[in-house]
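These protein sequence lines map, in sequence, to chains H and U. Here numbering that gives the first Met the number 0 is used: the first residue of the first sequence is 0, the next is one more, and so on. Here numbering that gives the first Met the number 0 is used: the first residue of the second sequence is 0, the next is one more, and so on.
A portion of the hints provided could be inaccurate.
Residues on chain H that point at chain U, a partial pick, calculated with CB under 8 Å [as the list claims (entries may be wrong)]:
{"#": "1", "residue": "Ile44"}
{"#": "2", "residue": "Gly45"}
{"#": "3", "residue": "Glu64"}
{"#": "4", "residue": "Gln88"}
{"#": "5", "residue": "Gly90"}
{"#": "6", "residue": "Leu92"}
{"#": "7", "residue": "Glu100"}
{"#": "8", "residue": "Cys130"}
Worth flagging that the hints you see were computed from the coordinates, not collected in a lab. Remember, predicted model here, so these are calculated numbers, not experimental data. Yeah, the Cβ is synthetic: ideal placement off N, Cα and C, and Gly gets one too.
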Amino acid sequence: MAKLNILEFPDPRLRTIAEPVEQVDDEIRQLVDDMFETMYDAPGIGLAATQVNVHKRIVTIDVSEDGNEPLVLINPEFTVLQDELEKMQEGCLSVPGFYEEVKRPNRILLKALDRDGTPYELEAEGLLAVCIQHELDHLNGKLFVDYLSALKRNRIRGKLEKKHRLETHQA
Amino acid sequence: MAEPINIRALAANVLAPLLRQHGSLSTHLPDALVHCPEQDRALLQQLCYGTMRELFRLERLAQHFLRKPFRTQDLDLQALLLIGLWQLRASRIPAHAALNETVSATEDLNKAWAGKLLNAILRRYQREHSEVEAELANDPVFQWNHPQWFISKLMHNWPDHWQDILSANDTQAPMTLRVNKRLLTRKKALDRLSEAGLEAKACAYSPDGITLKKPADVAALPGFAEGALSVQDEAAQLAAGLLATEPGDRVLDACAAPGGKLCHLLEQNTQLKEVVAVELEPERARRIHDNLHRLGLQLECQVLTADATSHDWWDGQLFDRILVDAPCSATGVIRRHPDIKLLRQGEDIAALAGIQLGILTNLWGLLKPGGRLVYATCSIFSQENERIIERFLKQQPDARHQSIDADWGEARPYGRQLFPQVDGHDGFYYAVLNKQADDTQA
Numbered sequence: 000m001a002k003l004n005i006l007e008f009p010d011p012r013l014r015t016i017a018e019p020v021e022q023v024d025d026e027i028r029q030l031v032d033d034m035f036e037t038m039y040d041a042p043g044i045g046l047a048a049t050q051v052n053v054h055k056r057i058v059t060i061d062v063s064e065d066g067n068e069p070l071v072l073i074n075p076e077f078t079v080l081q082d083e084l085e086k087m088q089e090g091c092l093s094v095p096g097f098y099e100e101v102k103r104p105n106r107i108l109l110k111a112l113d114r115d116g117t118p119y120e121l122e123a124e125g126l127l128a129v130c131i132q133h134e135l136d137h138l139n140g141k142l143f144v145d146y147l148s149a150l151k152r153n154r155i156r157g158k159l160e161k162k163h164r165l166e167t168h169q170a
Numbered sequence: 000m001a002e003p004i005n006i007r008a009l010a011a012n013v014l015a016p017l018l019r020q021h022g023s024l025s026t027h028l029p030d031a032l033v034h035c036p037e038q039d040r041a042l043l044q045q046l047c048y049g050t051m052r053e054l055f056r057l058e059r060l061a062q063h064f065l066r067k068p069f070r071t072q073d074l075d076l077q078a079l080l081l082i083g084l085w086q087l088r089a090s091r092i093p094a095h096a097a098l099n100e101t102v103s104a105t106e107d108l109n110k111a112w113a114g115k116l117l118n119a120i121l122r123r124y125q126r127e128h129s130e131v132e133a134e135l136a137n138d139p140v141f142q143w144n145h146p147q148w149f150i151s152k153l154m155h156n157w158p159d160h161w162q163d164i165l166s167a168n169d170t171q172a173p174m175t176l177r178v179n180k181r182l183l184t185r186k187k188a189l190d191r192l193s194e195a196g197l198e199a200k201a202c203a204y205s206p207d208g209i210t211l212k213k214p215a216d217v218a219a220l221p222g223f224a225e226g227a228l229s230v231q232d233e234a235a236q237l238a239a240g241l242l243a244t245e246p247g248d249r250v251l252d253a254c255a256a257p258g259g260k261l262c263h264l265l266e267q268n269t270q271l272k273e274v275v276a277v278e279l280e281p282e283r284a285r286r287i288h289d290n291l292h293r294l295g296l297q298l299e300c301q302v303l304t305a306d307a308t309s310h311d312w313w314d315g316q317l318f319d320r321i322l323v324d325a326p327c328s329a330t331g332v333i334r335r336h337p338d339i340k341l342l343r344q345g346e347d348i349a350a351l352a353g354i355q356l357g358i359l360t361n362l363w364g365l366l367k368p369g370g371r372l373v374y375a376t377c378s379i380f381s382q383e384n385e386r387i388i389e390r391f392l393k394q395q396p397d398a399r400h401q402s403i404d405a406d407w408g409e410a411r412p413y414g415r416q417l418f419p420q421v422d423g424h425d426g427f428y429y430a431v432l433n434k435q436a437d438d439t440q441a
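Taking the hints into account, I'd like the entire structure generated from these sequences.
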């Protein structure tokens, strides 16, 4: 297993639209394992392949307290079960250090393939529902900061660009 | 998606180093606030200040429930337990949220093993709190929520006031403002605050002071950015008046950071000949610059990063007025810095007294004959206050103590002592010393 490098906003590669996975093979499973290692280490509760610069429709999630309920989402899609929007605070491994409230549907139905390529369905609500939508956004080149005001987004962009400049200097 | 931030865990990380006597709230909290989501900053501050304010009481409770104390490397868990107890005991946070969030914070601290223990103790406190608190009621540290040495020293210093001081220390200090006389009158400032929807009243003792009914963000204060108002406790606003500068005076403000009293005396007198401010720590000297700049006073004052216990920065010109705002135990401002109760140790006071007398003696030599020196501290211990003046007068034949005619505080054999007042000023001490004029030798 290997830990992967996470792209950070405003990296343009985060805007790539991911391609569907044609066949769930060992190579894909290796990537899934690496993504879990990267996600747990971060620490995060969800990671999209886009964030590690692999533009395939793959997501790993674990919202459990103990980090022992890994969920693999390959070629995921969802439908909204309840139109009502709920606010929840979101943070993103590609936007480190920033947390903002985002409104999203609270209950959804997920359809995806698991680690073995077997299709499954899952009704999700609360944090899991939010996390699934957040990660699926990544596969479409979208970030949670896109839901914020331009003012807030630009402020976050400015602060992260400054951080990246400092890191380049130190490197 | 990043793991949600647990604010209790952040708070525990702020308080843990303090429990090891490392740093202070004002050094650790700003760092944590940077990492804290904006909407949770108020909660983080509340958890840190609230817990610190009740610390000694909470420590006694924790001791009661813990079979053995946490190891030094687990002081973050100790801090978390205190934060949990504070929420149940003194905050308006719903108990279930306090419990869940505090217990799950053990995971954010990577110490999930302690989750069960914290859960058990917090639930026991919920069930047994009346019995436990009744049992502890006679323990002075629990009752007065201060360390034992502090209580004893205060009882000895102020047999008539110690209880009032201890209770006032645990209240929240009001937000007090100083009006910049150069720009507007206090009456005008009160009108503008009222127009902005902020309830406020004129201070009783400081002619330039205004106390807000409820604290407000400085950005919301009309005229703050333009320098019409500054934040400063009422007791600290008394220094400029005591110094009684006259046009053409050369003035020294020693140990000047953050520069509140300095700015006040500049606001009051536009015709001073020269003003020199001395501050030892460069970081704090920068804060003087910031304050002078905001008020547009930067050209009227020279700020030196220098040591008030030495002469090496001095140009040899005597001063007409000297303000010695000596480094002290800050035991008069515990309401604003509740961590002082924890960070200050009994033996610090004698060491501070040595420094205070040293600074006073050193600066006395820079005062013109006929000149005036004001000695100030934000301490409530006589060892740092009237006894310094007493010791100084014994060794300095050309020093004359001048009693302060005022209606604030309490007159002492030397100087006046202010005690922290609920909804009023901080604890402070002032003494005025005059240097004998040369004419006796002439």
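Against the structure, the hints:
1. The restraint placing isoleucine 44 of chain H at the interface with chain U holds, with a minimum CB-CB distance near 5 Å, inside the 8 Å limit.
2. A least Cβ separation of about 4 Å between glycine 45 of chain H and chain U falls short of the 8 Å threshold, and the interface hint therefore holds.
3. This hint holds: glutamate 64 of chain H has a C-beta 6 Å from the nearest C-beta of chain U, less than the 8 Å allowed.
4. Taken as an interface hint, glutamine 88 of chain H checks out: its beta carbon lies about 6 Å from the nearest beta carbon of chain U, inside 8 Å.
5. For glycine 90 of chain H, the interface hint holds, since its Cβ comes within 8 Å of a Cβ in chain U; the closest pair sits about 4 Å apart.
6. Restraint check, leucine 92 of chain H versus chain U: the minimum CB separation of about 5 Å is within 8 Å; hint holds.
7. Among the interface hints, the one on glutamate 100 of chain H holds; its C-beta lies about 7 Å from the nearest C-beta in chain U, closer than the 8 Å criterion.
8. Interface hint status for cysteine 130 of chain H: upheld, as the beta-carbon distance to the closest one in chain U is roughly 5 Å, under 8 Å.
The structure is consistent with each of the numbered hints, conforming to all of them.
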